[in-house]
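Engineer: Residue numbers (my numbering), protein chains in the order written: chain U, 3 to 121; chain A, 3 to 121.
Certain hints may be false.
Just a sample of chain A residues kept apart from chain U, beta carbon distances all over 12 Å, derived [to be verified]:
id: 1; residue: N7
id: 2; residue: D16
id: 3; residue: Y18
id: 4; residue: I24
id: 5; residue: D50
id: 6; residue: I56
id: 7; residue: Q57
id: 8; residue: L64
id: 9; residue: E90
id: 10; residue: Q110
id: 11; residue: E112
Taking lysine-lysine pairs in the DSS-like style, the calculated list, with each CA pair at most 27 Å apart, reads [said to hold, decoys possible]:
id: 12; chain 1: U; residue 1: K11; chain 2: A; residue 2: K5
id: 13; chain 1: U; residue 1: K5; chain 2: A; residue 2: K11
id: 14; chain 1: A; residue 1: K11; chain 2: U; residue 2: K63
Treat the hints as calculated values from the structure; they're not laboratory data. Note that the structure is a prediction, hence the values are computed from the model and not measured. Where a beta carbon is used, it is the ideal one built from N, C-alpha and C, also for glycine.
There are 2 protein chains.
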Amino acid sequence: MEKVNLARKYSLFDEYWSPKIIGELNGQVVKIAKLKGEFLWHHHEAEDEFFMVIQGQMVIKLPDQDVSLEAGEFFIVPRGVEHKPVAEEEAHVLMFEPESTLNTGNVQSERTVENPKTI
Amino acid sequence: MEKVNLARKYSLFDEYWSPKIIGELNGQVVKIAKLKGEFLWHHHEAEDEFFMVIQGQMVIKLPDQDVSLEAGEFFIVPRGVEHKPVAEEEAHVLMFEPESTLNTGNVQSERTVENPKTI
């Protein structure tokens, strides 16, 4: 049982769009990722997805709006809703989601990370 | 579907040890609380509990260690483990936990909040 320091965890990797698991509880995982550029449109059939910005800024594009998030802000993408994360500059985000959630949701692509590493 | 700004949510209440719900997803809730002083020893029979410090400092006392958390750090208290949150000065924390989690766990006291408000 050890505490987790977010800044230290972010310092352990450089890749963008490659979620890492940093905590597990109640069948859910806490993940972090570094974002830069545009991800792909996708949705999650059965999972709501929580995005909180820890550093930088991101935009979650939705079919009918763009949600801009800064550090200290979060947004929950409801299951089934198409979304596309975008970050003009490097952003550090924290996600909270079921263990089963795949980063690209319903879309299989070269950006899909099947088994995110625990760091 | 609206984004949530943590600082704004904390500005909406003053009470200590009175968790508020600020998000719901996958049967889990995102809660925030302001802490100051000592809480009571308790445990949660079937729920792991995530505490992240957003502002200030807190200590999670466990039977065999004290876990000190600053802003940007979190700790997951495993189910069944006795713990006692303490904050010398006001601290702002964020919790992730199942909807069913009661703030005082197995202990019924005047500090028990049966139905936390959504703000």
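Engineer: Please list, smallest to largest, the hint numbers that this structure does not respect.
Structural biologist: 1, 4, 5, 6, 7, 8
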